[in-house]
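Peer 1: I would like the entire structure built from these sequences, with the hints used as guidance.
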Amino acid sequence: MQMKFKATAVAVLTLVAGATFAQEVVKIGHVAPISGAIAHLGKDNENGARLAIEELNAKGVKIGGKAVKLELVSEDDAADPKQGTAAAQKLVDSKVSGVIGHLNSGTSIPASKIYSDAGIPQISPSATNPKFTRSGYKTTFRVVADDVHLGGTLGRYAVNNVKGKSIAVIDDRTAYGQGVAEEFEKAVKASGGKLVGHEFTTDKASDFMSILTTLKAKKPDVVFFGGMDAVAGPMIRQMKSLGINAKFMGGDGICTSELAKLAGDAMSDGQVICAEAGGVEGQQKKGMEDFYARYKTRFNADVQVYAPYVYDAVNVMVDAMVRAKSSEPAKYLPELAKTTGYKGVTGTITFDEKGDIKNGALTLYTYKAGKRDQIAVVR
1 MQMKFKATAV AVLTLVAGAT FAQEVVKIGH VAPISGAIAH LGKDNENGAR
51 LAIEELNAKG VKIGGKAVKL ELVSEDDAAD PKQGTAAAQK LVDSKVSGVI
101 GHLNSGTSIP ASKIYSDAGI PQISPSATNP KFTRSGYKTT FRVVADDVHL
151 GGTLGRYAVN NVKGKSIAVI DDRTAYGQGV AEEFEKAVKA SGGKLVGHEF
201 TTDKASDFMS ILTTLKAKKP DVVFFGGMDA VAGPMIRQMK SLGINAKFMG
251 GDGICTSELA KLAGDAMSDG QVICAEAGGV EGQQKKGMED FYARYKTRFN
301 ADVQVYAPYV YDAVNVMVDA MVRAKSSEPA KYLPELAKTT GYKGVTGTIT
351 FDEKGDIKNG ALTLYTYKAG KRDQIAVVR
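Sequential numbering from 1 applies to the sequence shown in this note's numbering.
Be a bit skeptical, because a hint or two may be false.
As the list claims (entries may be wrong) - SDA-like, lysine to any residue: derived pairs with alpha carbons at most 20 Å apart:
hint, residue 1, residue 2
1, Lys358, Gly136
2, Lys163, Ser35
3, Lys186, Asn161
4, Lys186, Arg173
5, Lys371, Lys219
6, Lys204, Pro81
7, Lys43, Lys66
8, Lys90, Ser35
9, Lys247, Gly136
Quick caveat, the hints were computed from the structure, so don't treat them as lab data.
Peer 2: Rendered as structure tokens:
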């Protein structure tokens, strides 16, 4: 009798284990710089993806009537284009169903061809260079406004609101930095503003004394920087040491929680004006606030900038799989392209024919007492 009971128990355990083993695993890739100067932003992105997948798994996802388990496959591109394409190929070889990333335009653009060739959908939560969605690939999407909107809005704001009389520009020569700086310049000129200089640096630089000394002679009252916070922080410090008392403006790359720490006491209240691609108003604010709270609880850290957009990108991708009743890229890609009116924590998501978000919002921020302070949401 005891032997029979043991045999039955083993059979039951085998069946349970077999049922667990049989559950389909859907792999979702994520790529961002987890190492290097902007690793804090890359980790922020990865955390956004992880939180989305953990919550979806906790709720239970059914695709085509079958329960599935979502699995995050994370790769580090170190914000380097060559490493970015290597990471993309690795995800293709891993047979992921889709990719969220990359963080930078400079890595997202070359990687997009690899995903397109493999037929794997890619949603970037933060690549803003217009070229990203203008290569004709059907697999390429983004959930943020592009540099035409972002740089253009900041350029007009510099002239019309900040009342800049002599505006200088610096960019880091990356696809993102150069792209957003060019759009900023176009808008300044179109608004009747005066540009007094354009200097260049790199995304690895830490000494800006030479270019800042050149600009100081031109007495700018606004300095726009196309680049990321890891460079912007030390740049603000060196501006102060040279006595350049100008407003400092930039795109979403500098618009992070970390910027205040990187700039330290060199950054005065209201000096920095930046724009984050995305933005919520009214009743939608609660959804974003709830996300920030859940993120803090899960990771014991504050959101840097892009995590909510990564979170939405994962959910939009999985929603398309559910609607298509398949996680096969070729089958759910048409549904992803048809995404309309998806209510995310970052706002309502609808893709246009290029894969860009329609009617993308921007949020303008400044910093007070070391904390980001919202100025306005603009469209």
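Peer 1: Would you mind marking each hint as holding or not holding in the structure?
Peer 2: Hints, verified against the model:
1. Lys358 with Gly136: holds (17 Å)
2. Lys163 with Ser35: Violated. Lysine 163 to serine 35 sits at ~39 Å, over the 20 Å cutoff.
3. Lys186 with Asn161: Between lysine 186 and asparagine 161 the Cα gap is close to 17 Å, so the pair holds against 20 Å.
4. Lys186 with Arg173: The given pair, whose Cα atoms are some 17 Å apart, holds under the 20 Å limit.
5. Lys371 with Lys219: violated (28 Å)
6. Lys204 with Pro81: holds (14 Å)
7. Lys43 with Lys66: violated (32 Å)
8. Lys90 with Ser35: holds (17 Å)
9. Lys247 with Gly136: The hint is violated at about 38 Å.
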